[in-house]
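Sequence order for the protein chains is H and X.
Following UniProt numbering, the numbering of the first sequence begins with 1 at its first residue and continues without gaps.
Following UniProt numbering, the numbering of the second sequence begins with 1 at its first residue and continues without gaps.
Everything labelled a hint here was simulated from the structure, so no lab data went into it.
Keep in mind that a hint or two might mislead.
As the list claims (entries may be wrong) - DSBU-like mimics (lysine-lysine), calculated; alpha carbons at most 35 Å apart, straight line:
(1) K51/H <-> K593/X
(2) K796/X <-> K51/H
(3) K51/H <-> K712/X
(4) K607/X <-> K51/H
(5) K54/X <-> K449/X
(6) K749/X <-> K449/X
(7) K499/X <-> K749/X
(8) K449/X <-> K379/X
Given next are the chains, with one letter for each unit.
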Amino acid sequence: MTRHPTWLDIGALADIPRRGARQVATPDGPIAVFRTHDDAVFAIEDRCPHKGGPLSQGIVHGASVTCPLHNWVIDLQTGAAQGADEGCARTLPVRVSDDRVLLGLHMAAEQAA
Amino acid sequence: MTRKLVVVGNGMSPGRALETLFEGGSDYEVTIFNAEPRVNYDRIMLSPVLSGEKTYEEIVIHGDDWYERHGVTLHKGRKVVHIDREARRVLADDGTTAEYDTLLLATGSSPVVIPVPGHDLPGVLTYRDLDDVEAMLAAANHGARAVVIGGGLLGLEAAAGLQRRGVDVTVLHLMPTLMERQLDASAGYLLQAAVEERGIKVITRANTHAILGEDRVTGVKLDDGTEIPADIVVMAVGIRPNAELAKAAGIAVNRGVLVDDRLLTSDPNVLAVGECVEHRGVCYGLVAPLYEMARTIGRNLLGEDVEFRGLATSTKLKVTGIDLFSAGDFLDAKDRQEIVLRDAARGVYKRLVLKDDRIIGVVLYGDTHDGAWFFQLLKDGTDISQLRDTLIFGQGYAGGAPLDPTAAVAALSDDAEICGCNGVCKSRIVGTISAKGLTSLDEVRAHTKASSSCGSCTGLVEQLMALTLGDAYDPAAVQPMCGCTDLGHDDVRRLIVAKGLKSIPQLMQALEWKTSCGCAKCRPALNYYLLATWPGEYQDDGQSRFINERVHANIQRDGTYSVVPRMWGGMTTPQELRAIADVADKFAIPSVKVTGGQRIDLLGVKKQDLPAVWADLNAAGLVSGHAYAKGLRTVKTCVGTDWCRFGTQDSTGLGIKLEKAMWGSWTPHKVKMAVSGCPRNCAEATCKDFGVVCVDSGYELHFAGAAGMHVKGTEVLCTVPTEQEALETCMAVIQLYREQGRYLERVYKWADRVGVDTVRRQVVEDPERRRALYERFLFSQRFAQSDPWAERVAGKDAHEFAPLATVPFQEAAE
Ligand code: SRM
Ligand SMILES: Cc1cc2nc3c(=O)[nH]c(=O)nc-3n(C[C@H](O)[C@H](O)[C@H](O)COP(=O)(O)OP(=O)(O)OC[C@H]3O[C@@H](n4cnc5c(N)ncnc54)[C@H](O)[C@@H]3O)c2cc1C
Ligand code: SF4
Ligand code: FES
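In isolation and in its complexed conformation, chain H is listed as follows (with noise of 0.2 Å):
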């Protein structure tokens, strides 16, 4: 069975900072969503696969960011960490449509059907 994501609008892009990204609070942990120089956008769990490191508190360049805590460098795309570094953050479906930031979750309601 495919799953298909409900899109929850989650806020303005302009209110999230370019090379920056910004916290969203859910029941199973805050996910961090990514804004870059050029506007894309990314969506991650914000646990550092290294330490659970806060990875929306690092700073964003190019299509990565620099974990806070211990400088691993994660790629936004894939949520893997590059270079010497080994593991994995999840990460979620996320667009944008008229300068709204849309962040696909899978609901309650939808598992139930």
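Assemble the complex: chain H is given as a structure, and chain X with the ligands must be docked to it using the hints.
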């Protein structure tokens, strides 16, 4: 018996004559007198020193070891005042004498000072040697005003250098267009527009009437009554050969010292070289012909018989970002034709002046790549009738298809001149690279002299290296800042100043960053360099800061934050302590700890609580302690004369004053300070970035200590009698560190790299320099001292402290 050669003047031309002599294995015993108190340096490169693109050390041609190696006696700072031709002996102003078999006069030239009223006021400078540059730099505070009289090569280089240092510059030029001796009117106007675009004011047809001021310059008055306020006036209106010494000795002199084609003066035992010389009616003011004279002398002293017959010269303006080349004769006349190309969109203007199918004049503005080629055609008198249709498009076009730069260099003939200053041709460079196995630019400079003077041929030399060495050529010998660039920290800092780069995107574009927006290593460094270079102008880029400096608290292992309020000099009050206790209770802060820096840390604060925590602390008068900053952290103190039975001075008071003066300043790395009231040193001042140990007679100032991963005791800087001097010196040292330190280089590492003595020389032994540094620090503090906590309580960066959205429970369940 060894013959004695005495040289008067130690400039660029005798330096080259001696090199030729020593390379040929001379047995002369050489003595040099130099009125300047230093070794031989590259005078041409004074402008890059003035603008900050180079340091004096980088432009030294012959270091002390060179003189030692060749057994040369160099009398620094001694001026020859008399020549006794009978006894063949010279006498210097301090009484030193030296006997010669051959005397070489190389006294250069002196700047012309127009004798208007006020020309002798303090603050009126000329532009000839390092002392002049240092005098300009000492006066070049941000916001200072300068008037440069003279819009020729030297005047414009001085103006651009001063402007880069933040000085407000006005250039006064007598003629209707700038550099009229080298440029035609069109190029002169383009140049003026480019100069004005940099924020330099230009007034042409300006006749200086008087220099104003009582005991120092305050301004300049023009013939039409205009008054221009100025803190310094630089006169750059021309040079005059320095021939008085020769004249007084009865040697034949006209405008300069008269010499024949072997550079002999009217006295067969006396030779002359350089700008002091008049040869076949010409006095030269550029090094290429002087170097040719110098080689002629060197070879003749070795027993050859060669002649100097004069040399055509070309000019390049060394102002970064302005490309300009001129050579030959470009005045309009009946028997001449010209070819002109204008490309307004690219800001390019090229003009060739032809006579009898030969190039006799070249003016290039905006695109000077073909300068060397045109100049070669001019010097060779090549018949260009076959090339005429495409000549103006340059060598690439003339050769058929447009060529890439390396191919263009490959296509050059073997005897094509690459380095105009030193007369080095292509085959010499290529041959030396192969024969000696050279791999770096510095080695090529050392062995061939190419690119070692004005440096404008560096690109060509590098292309030749690439051509000769292929993949073995690695142009980046410096440690690059990071993977995004081949440039090192120092290069980037200089280019920021030189090119006037004022934002990160502009910098990355101009310096050809290899990534779209840098990385976590270079961006914070660039942000700091821009902030330190352009105080008040550059807007801090929060996204290029590490999280701690973005949210003004320290991130902890669990993602919470710690908050450290400032406790000035370690002093606190019951009210402050009560406020801290209340905040800890109200926000359920799990840990309250006394830090190693004499203040209190609140650990485990949730990020979204930060603004409210700060609001409460602010209300009690507490501000950010910058415990997270690459900036001033703490100033530890002991109780001093307030209480201690051994205290010699008010160490607590001075510590507070230091902290109040220094807080908020961004630095390459963190800066920690301490003040102890006596040599028992209870505040541990001798392992701090800057420390003060109070003694009976005053304040012993220390710096370059640390007690982190490496424990390093401080170096003593000096002892000063007053608190005010202690404060000023501290600010001057930290400003020097801010200007020279590489990002993430602690004070002790910087001092280690540049030398403790160098720092001491600049800050302690040179009061004007100290003053200038101190003032630059004060200026930048005007924009730095606002409490970042209060700003955020007032709403700044609110997005940092709240989630973008909160997803309710049922929606997120999987
Ligand atoms: C809180 C404190 C420990 C304490 O509880 O006492 C502390 C805590 C940290 N120190 Fe420190 N240092 C503290 C005083 C010191 C001292 C003592 C002093 O200042 O007199 C030193 C040795 C003196 C020195 O720096 O030369 C010190 C040498 C270091 C170093 C090693 C620096 C070095 O160049 O070798 C680091 C690592 C670094 O900066 O890269 C460091 C880094 C850190 C960091 C910032 C580590 C980090 O990156 O997270 C810690 C942050 C804790 C936090 O969130 O507050 N801390 N640290 C002290 C805060 C002082 C203050 O009031 O601001
Ligand atoms: C700012 C600046 C930029 C320049 N840019 C260029 C450029 O781009 N291209 C170019 O080709 N040229 C340039 N020049 C010109 C070039 O620097 C000079 O042509 C060259 O330095 C002259 O060399 P010299 O050996 O004749 O004399 P100098 O280098 O002037 O040396 C003369 C030395 O003799 C000393 N002296 C004088 N009298 C006595 C005495 N009685 N006893 C002892 N010592 C004495 C002086 O103190 C001085 O140190 C520039 C010059 C300046 C100032
Ligand atoms: S010594 Fe400093 S850096 Fe190390 S754990 Fe303690 S506070 Fe942290
Ligand atoms: S937790 Fe991210 S690098 Fe260590």
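How the hints compare with the structure:
1. K51/H <-> K593/X: holds, 25 Å
2. K796/X <-> K51/H: Since the Cα atoms of K796/X and K51/H sit roughly 30 Å apart, the hinted pair holds (cutoff 35 Å).
3. K51/H <-> K712/X: holds, 33 Å
4. K607/X <-> K51/H: Distance of about 19 Å is within 35 Å: holds.
5. K54/X <-> K449/X: Holds, because 18 Å separates the two Cα atoms, which is no more than 35 Å.
6. K749/X <-> K449/X: holds, 33 Å
7. K499/X <-> K749/X: Holds, at roughly 28 Å.
8. K449/X <-> K379/X: Distance ~21 Å between K449/X and K379/X Cα, so the pair holds.
Of the numbered hints listed earlier, not one is contradicted by the structure.
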